[in-house]
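Got chain A; can you put chain B on it based on the hints?
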Amino acid sequence: MNKKKDNSNLMMTLLKGRTLFVLIILFIFFSIKADSFCTVNSLLLVCKHVAQYGILGIGMTYVIITGGIDLSVGSVVGLVGMIAGGLIQEGLTLKFAGVTLYFSVPAITVICIIIGIIIGIVNGALIAKCKLAPFIVTLGTMYIGRGLANIRSGGNTFSSIKGQEALGNVGIMQFDSRVFAVGGFPGIPIAAILFLILAVIAAFVLKKTPFGWHILAIGGNEKAARLSGIKVEKNIILVYAISGACSALIGLVTMAQIAASHPNTGDTWEMNAIAAVVLGGTSMAGGVGTIGGTVIGAFVIGIINDGMTMCGVSEFWQKVIKGLVIILAVLIDQFQRNLQAKMALQARNENK
Amino acid sequence: MAENKDKDIVMKCRHMEKVYPGTKALDDVDFNIYRGKVNVLIGENGAGKSTLMKQIAGIEQPSSGKMYLDGEEVSFKNTTEARAKGVGIIHQELSLFPNLNVYQNIFMNNEQKKGVVVNNEIHKQKTKEVLERLEYPIDPEAKVGDLRVGQQQMIEIARNLIQDDLKILIMDEPTSSLSQSEVQVLFKIMRELNAQGISIVYISHRLEEIMEIGDHVTILRDGKYVDDAAVKDIDVPWIVQKMTGSNKSYPKKERDIDWEKQDTVLEVKDLCLPKKGGGWLLDHVSFKLKRGEILGIYGLMGAGRTEVFECLMGLHPEHTGEVYVDGKKIKIKNIAEQIKNGFALVPEDRQAEGLVQTLDIEKNISLSSLKTCCNKFVLSKQKEDEYVDAQIKDIHIKVADKHLPILSLSGGNQQKCVIGKGVLTDPKILLMDEPSRGIDIGAKTEVFDIINQYADRGLSIICVSSELKEMLAIANRVVVLSNGIKTAEFTDDEITEDNLVLASYKGHH
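Quick note, the sequences are listed as chains A and B, same order.
For the first sequence, full-length UniProt numbering begins at 1 and goes up steadily by one.
For the second sequence, full-length UniProt numbering begins at 1 and goes up steadily by one.
Same shape as in the complex, but just chain A (with noise of 0.2 Å):
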């Protein structure tokens, strides 16, 4: 019986770490099968691909765990991209007054952080105070965004987005520059440096703050969790502006990095955030999630893509095996609970 015991619990740890395993099988894979994919300018730009899917899944993490979801972290991505690239290229024309107004790139990155915010808040309120479903509500938010991005510019593209010095609003593409460049080392770029400094304070907050613990609670039971003195609006409302205030933020670095601001830029983008969310082995029934998870399942998704690129599979082949590979791990993921379902049983027979 204990060798059983031993068996399932050395299950238990492979089933726990899959995600990684195949990370690294991935990983290996493509090194043998594309010779330029295991090259520091490669792996870089994997990276940087990597930090897009992981800071917008960051956000939808915390969405996923309360029990929710958030479809419309894409279109924020598009719709901030056109508001600064506006603001930088046109800048805010008040007619009455008869006045441009230039901002400086610091300010322009406040205010589209907040409007990412303060659709998260609209999700969230709609979410938590009004009932309405999740799916639903950033469905609506979703198109809502698109379509705003669109008006802005009648669809089309706004492509001097670098500023003039003039006008004091240079600086954009500061989101797409790379830091610790040292002789032939091309340095790292600063969207992967963002995407590790907000993925640890996120799995900070998760792991070792209320905060973090009450939306574990109020994915699992909602209703316990507001019997238990949880204000579980409050916190709902706080996770979609999460949620936002990181796609506002991908916004901001993708505008940079394509240099130009494009109404349709983040196009589905939601699905890959989801994507790594669940390759991370978050719950999409909530309660359970880790923001580690969610790191892996991005480097997941995007070395599945650069690599697939890189070996010359077809843009079509490869949105086949990204969604073999999503249902694989989900499938996984439920062998994994009925194995831990388990297990808790035996635990609570041999308490007795």
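Worth flagging that the hints you see were computed from the coordinates, not collected in a lab.
Here the structure is a predicted model, which is why all the values come from computation and not from measurement.
Each hint can be trusted.
Each computed DSSO-like pair below joins lysine-lysine, with the alpha-carbon atoms no more than 27 Å apart:
no.: 1; chain 1: B; residue 1: 126; chain 2: B; residue 2: 113
no.: 2; chain 1: B; residue 1: 331; chain 2: A; residue 2: 231
no.: 3; chain 1: B; residue 1: 288; chain 2: B; residue 2: 261
no.: 4; chain 1: B; residue 1: 371; chain 2: A; residue 2: 234
no.: 5; chain 1: B; residue 1: 167; chain 2: B; residue 2: 126
no.: 6; chain 1: A; residue 1: 207; chain 2: B; residue 2: 383
no.: 7; chain 1: B; residue 1: 428; chain 2: A; residue 2: 223
no.: 8; chain 1: B; residue 1: 288; chain 2: B; residue 2: 340
no.: 9; chain 1: B; residue 1: 224; chain 2: B; residue 2: 66
no.: 10; chain 1: B; residue 1: 333; chain 2: B; residue 2: 428
no.: 11; chain 1: A; residue 1: 131; chain 2: B; residue 2: 275
no.: 12; chain 1: A; residue 1: 131; chain 2: B; residue 2: 276
no.: 13; chain 1: B; residue 1: 381; chain 2: A; residue 2: 207
For chain B alone, kept in the frame of chain A given last:
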């Protein structure tokens, strides 16, 4: 077991075994179900009663062992097969669809059709009939999720009664959430079913009920068969002794305190709660609670017991009336505010409202007081450990490791965790809604000990219960509610079963 008795036995189970990974839930158990009788199956939690019933009802398959229905060997792959042979089960944990209405629940997977379309006219009519037979009229169109637990239980029973060819009906603790009058209705129904030749397997923790309704008792302990006997040959102490291996009953704790001289911690004046569609759920209820006192609130289902707690915890902002804590009038806003005001609630439904199943034991205990476990904004592992360990020790929760999942604990220990969570917020007033529901006698006694222990330390406790024996054992004073009206208040020697039952009917005309 003489052969000539065989025709009195509708179902025989022989050498039943069920092995779960790492444990034997059933170990070579023999069990007979007598035709047209109430067959009582009894044992503490984890004794294997529910496991045995799951094999009979086809929910699980035995690891080994044989079952004979009317002398013919049977095995059920699933509940549909068991049902086809006439075995029905009412689960301990209700298995209804809260999102559907009454008749949909009753006819789920048994739909009457008109061509390819469900025939709701027949559904409604038959639902009405069966509920009338139960003397428990509920609107067939009502949504089940809106009904009280007691009413839901009746739906569960009705669901089995619409089967024409029912031979055996298994009832797993059907009365754990019913009030005395509802229990009597149920017993009457059970006798009627017996008269129709339907055999009943009845699982209950309430020993007095078993003596009243049971015909034949089988006792299990730790997955093994212990004894069986006809109810007329035995008494309660015999059962208790067989179940636990020793003599246990609820000890009444004598407390020699002059309540007049104690401070009043809580005073509720004219608490009113309007009912949807007119009338009152609570109609001018007033009571006082002294320091260190255990106040019982007794009443039938729907008398307004739980509503009193819900009002006090801020779940019904629409209530009216005045509430004073330590002589100061307070305005009840929301739960978080009420916890700050010194209230703590141990909810009625442990699984649905008490526990967060995805969190471990430690977090379930510290959940309500995470903010006090903090240095600034960060959780202090050390503080949390210290509080939780003290709590675990204080109320004797049996845990091997506090980081195990909460569901790895037995029902009694889970309940203690919920109590621990409430107590950890350092309340002045502890509200307990059916604190011993669904836990075995041993754990019950322990829960009562915990309640007494905290009362001795000066915590004031209000305890809602539908079990008379429980009220008698722990309450210093009992308020009886009936139909939303406070009909009586008893102290000390006045707290008798007769008084309580009588008062609990007074609010009905």
